[in-house]
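Protein chains: 2
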Amino acid sequence: MAINYVYQCALPPEITLGHYILHRLRQLGIHTIFGLPGEFNMPLLDKIYTIPQMVWAGNTNELNAAYAADGYSRIKRLGCLVTTFGVGELSAINGVAGSFAEHVGLIHIVGMPPISAQVRQLLLHHTLGNGDFKVFYRLASDVAAYTSILNDMETLASEVDKCLTIAFTKQRPVYLGIPVNMVDVILSSSLLNFPLNLDIQNRNVEVEEEFVAAVLSAMYKSQNPAIIVDACVTRHGLIEETKQLVERTPFPVFCTPMGKGALDEQHPHFGGTFVGSMSSPQVREVVDFSDFILVVGALLSDFNTSSFHFAYRAKNTVLLFSNHAKLKNAVYPDLELKVALNLILARLDSSKIRYRPQKISDVIKPKLRLMNNVPLRQEWVWSQITNWFRAGDIVITETGTSAFGINQSKFPSRTRCISQALWGSVGYSVGACLGASFAAREEGSDPRVILFVGDGALQLTVQEVSTMIRWGLKPIIFLMNNNGYTIDRLLHKKSNAGYHDIQSWDNLRILPTFGASHYDARKVKTVGDFLALIEDPKFAINDKIKMVEVLLPPMDAPPALMEKWLLTDKADSEIDGRVDDLHAEDNDAFITKRIKLNDNRRSIVDYNMSYDNMDSV
Amino acid sequence: MAINYVYQCALPPEITLGHYILHRLRQLGIHTIFGLPGEFNMPLLDKIYTIPQMVWAGNTNELNAAYAADGYSRIKRLGCLVTTFGVGELSAINGVAGSFAEHVGLIHIVGMPPISAQVRQLLLHHTLGNGDFKVFYRLASDVAAYTSILNDMETLASEVDKCLTIAFTKQRPVYLGIPVNMVDVILSSSLLNFPLNLDIQNRNVEVEEEFVAAVLSAMYKSQNPAIIVDACVTRHGLIEETKQLVERTPFPVFCTPMGKGALDEQHPHFGGTFVGSMSSPQVREVVDFSDFILVVGALLSDFNTSSFHFAYRAKNTVLLFSNHAKLKNAVYPDLELKVALNLILARLDSSKIRYRPQKISDVIKPKLRLMNNVPLRQEWVWSQITNWFRAGDIVITETGTSAFGINQSKFPSRTRCISQALWGSVGYSVGACLGASFAAREEGSDPRVILFVGDGALQLTVQEVSTMIRWGLKPIIFLMNNNGYTIDRLLHKKSNAGYHDIQSWDNLRILPTFGASHYDARKVKTVGDFLALIEDPKFAINDKIKMVEVLLPPMDAPPALMEKWLLTDKADSEIDGRVDDLHAEDNDAFITKRIKLNDNRRSIVDYNMSYDNMDSV
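First to last, the sequence lines map onto chains F and G. Numbered by UniProt numbering, the letters in the first sequence go through residues 1 to 617 in order. Numbered by UniProt numbering, the letters in the second sequence go through residues 1 to 617 in order.
No lab work stands behind these hints, which were simulated from the structure alone. Each hint should be verified, as a subset may be incorrect.
It does not matter which identical chain is used: a pair holds within one copy or between any two.
[Unchecked claim] Below are the SDA-like pairs computed for lysine to any residue, each with C-alpha atoms no more than 25 Å apart in a straight line:
(1) K544 x G498
(2) K328 x N130
(3) K538 x L343
(4) K170 x D132
(5) K359 x A214
(6) K134 x S148
(7) K338 x R414
(8) K134 x Y146
(9) K523 x N507
(10) K523 x R377
(11) K134 x N224
(12) K134 x M371
(13) K523 x M371
The whole structure should be built from the sequences, with the hints applied where relevant.
Following this line, the structure appears as structure tokens:
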């Protein structure tokens, strides 16, 4: 891409720092920039309009913008967020923290006051009034892989390159502060002819070979193996390599909720979604009794001590994290996912595998057709919607009941999925839907973007729907209206508490209120309504923005949630009794056992209901 | 209030920690708690419903909730915000930072995971996935006067008391983390019979007397004195004392924009709003030539070096900050505003004052009546609205053109004013309006709450209007629709840049979309429309929520802004020339002179347009 970049873009020999940054983003395939204007970033924003095919999205607030940049990144592998000093960056920080927690590549550019004002500690607005200009930068460093402020004239270009490289290769947020007076500093455009070096650095071949040999040795011997695919496969662009692994081994393969979309769920080896103790019986049957588990693209740093109880049973667990790996209890630092996976593929000799494939039960059970006038319930809705998905779809689910419901579905090939299961910031999905919609439009094939969001969650970030309308984006929004925060009702077992309630909105008016003229808004209440909707081929086309309000009972949830939480009161009290018995035991054994017990009532995202029974230690 | 508190409330001898906190808040007059539910705070929220006259507001998102708690505090002197660990608290942090910057008393209660989970570093959702449970607490400490996590069984009650005392007396945010397993720890309710000690500690009478003697000596001699009233007067509840000072001296008195509402603007000594170089000529005439200026309740820590150029001319400037004082260049640490002001009143001998009052020009000039079909412009609207305000009103303005427009008005007595001039977070006013509306309703006299918000700013926080509807609150909302971010258009002098534009909403549908059934929504375009509105006695009554969309030209602004920014291009280039000349001079003199020059084009909130001409130092 790069050697003739200056020529291809007909750039002058000298460009500003602002232009340099934007061209670097463009080289990485970034065509949409998210954020809000502010006096300290406007000189940078002016330059966006001069870059071919680049768009300033102009979000409605900074948190939504951060969610949008995150959603965009989950499709494009990098997102760019621009905010202004103080108020802007702090409003976004929760969204950036989500990108950090969930390993999403993000470059957060913050327009800062001029260096002269900072040195003199002038009182500017958007400061805390104490002359401390570094405070926001300090705050950012806890949720960034790297932070930088461009104030050294000698290293401007190399520092920009470093920031972008880290954000892209580590798949984490990077904070890049630009004092407003630096934006127009002149650089040589020929620097753009040298592509960013995105290769993995500091490799150690000996370590890699030792690790892979050990992994393969365990894999060959295994009688009951399983592969579990997690989020970092998508983040690091390793869907193709993972597919090869699945093709070249006869093992049953599962995805985690955060790994959904990383795997072809139509593949004959696909066994379903692994959700720890909330998995379906067919999934647990395989995973719980595995003697070898290979987790590809593991996201969670304590994957094997918290939510995923398979670690207690599997003899051999291999975890390929984004930048390190674990085999049983041995840690291999600095072993990158991409390297490990490719070397496994290179060294894999399928003929040595002892395991002989067993039949995998089908994930989705056919459901009886209900009478048309039956009111909708979550279990049925999620069982039906799975048939409506199409290859290429981008499916986004909100933290809440939707995140559980989606695990019931078996995706067509090449379906992408976005959810924020670990960080779990309510309202995230609406911003992410905007970002994913921009990314989808850039793809040319214009895939459908389908959002499932609860009525409670929608209220946190609703105004971002307006940005979708502004840009003529065409997501299909399923508004799962169950009258408040149903997930919390279930979590806290206090379904009638006032704080679970929300103001009732006239949701079908949202699109026209935000200025939509070409749209589809409708409400479905019954089985008949819903079937008519998903059987209508016109509805399935993403030719305009659509919102379907799905009316659901307040105390209803997907079966995984219902079964675990509402029907286990008896089991819970039994477990509590056993926890009490454990108090007499020695501390280590106690903790280990209690974790095991608690796993029985903990979901993948560790909706920990057991704190009532935990005392301070 | 307190000695029989347990008896009065018929409390049992033992109560939970959660109840203890809420009763302490109630003792401080706090009856509304803002925030969102989350699993780690729900056990605390349950208890709100058991406290007499206490309400859980249930906001639509955490940033809005922080703004609301801030707005409530500006009326009640303390606000309470409850969020959940990680996602909740980080979403709120920009609002909390605003309270910190602007000296607003706030207690931010964060529901945290159980201590046992933290010690074991379990992976919980809403963590960064790295087992670091302290990260959010660390982040909070930069924008809090004090931070605490309740994990010591021995000091629970005293720590709660300490947090509340600091938040109330320092008028700053305090962060109070409560591990969810601590909420039900039992305390003796009799502790509530001992009132919080809100008295000022560590006084030094010698310092106080020395300072006040020096102040009075300068005051007595002054030929051209002035009093300027700033924000901390309201924050620290010193409106009555300030009134006495104004009564007992013949000096002309002014307020800053952030001090508006701290002073009776109908008083014959009132000279107008002091906005630095953007003040009206009548104000500058007095302040610029003063030989003694007493600033009561000064908020800005570098008040005299940045925006307020009077410091360069006045021989004697006295600044009474919230917790220290300055006389010329002498700093008196730990001298609290309340102490200093009361001692000045105690020692003041009015007969020694040399100054003889001069006539003060009237602030508001009568305007000609325009033809009814003339389209509205900001200058005219602000000149008219001033006559529509009433004693007791709470007037809230957004950062943007409204914050400038309001300075044109002369308030009736006892008008309160809320704006966020220093921190300047766009969208703040909508959340603040919710908080102020709750506070107003608690007052019994049910004063009007009047919000001025731009169409751009409204989009950031619009969903909080739904919370107003939910609770039957009745603010009167003037939606100043000038088609985008007008203040930014003016700031950046790039009026046609795309990033100033916003999606056009059908604003009159907002109230019904959010579920309002009893409301008034209308649009005004012309002088005739607007006069009919403000002359209609029915419209003036706050009997339901009202939204008036005021259509204004995109490039229009209140005169102070227009004159300074649009009409001073010539002056700007002259100043730039002089700045360039200064480069040759020595550094200190250069900086001093440049600050002076820059003051000519800087508003009170330091909308610093001069960074184009500043290079790095």
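To see whether the hints hold, each was checked on the structure:
no.	hint	in the structure
1	K544 x G498	between (37 Å within a copy, 24 Å between copies)
2	K328 x N130	between (51 Å within a copy, 19 Å between copies)
3	K538 x L343	neither (47 Å within a copy, 78 Å between copies)
4	K170 x D132	between (30 Å within a copy, 19 Å between copies)
5	K359 x A214	neither (28 Å within a copy, 93 Å between copies)
6	K134 x S148	both (11 Å within a copy, 23 Å between copies)
7	K338 x R414	within (20 Å within a copy, 68 Å between copies)
8	K134 x Y146	both (15 Å within a copy, 20 Å between copies)
9	K523 x N507	both (9 Å within a copy, 23 Å between copies)
10	K523 x R377	within (14 Å within a copy, 42 Å between copies)
11	K134 x N224	neither (54 Å within a copy, 41 Å between copies)
12	K134 x M371	neither (63 Å within a copy, 53 Å between copies)
13	K523 x M371	within (18 Å within a copy, 48 Å between copies)
Consistency with the previously given hints fails for numbers 3, 5, 11 and 12, ordered from lowest to highest.
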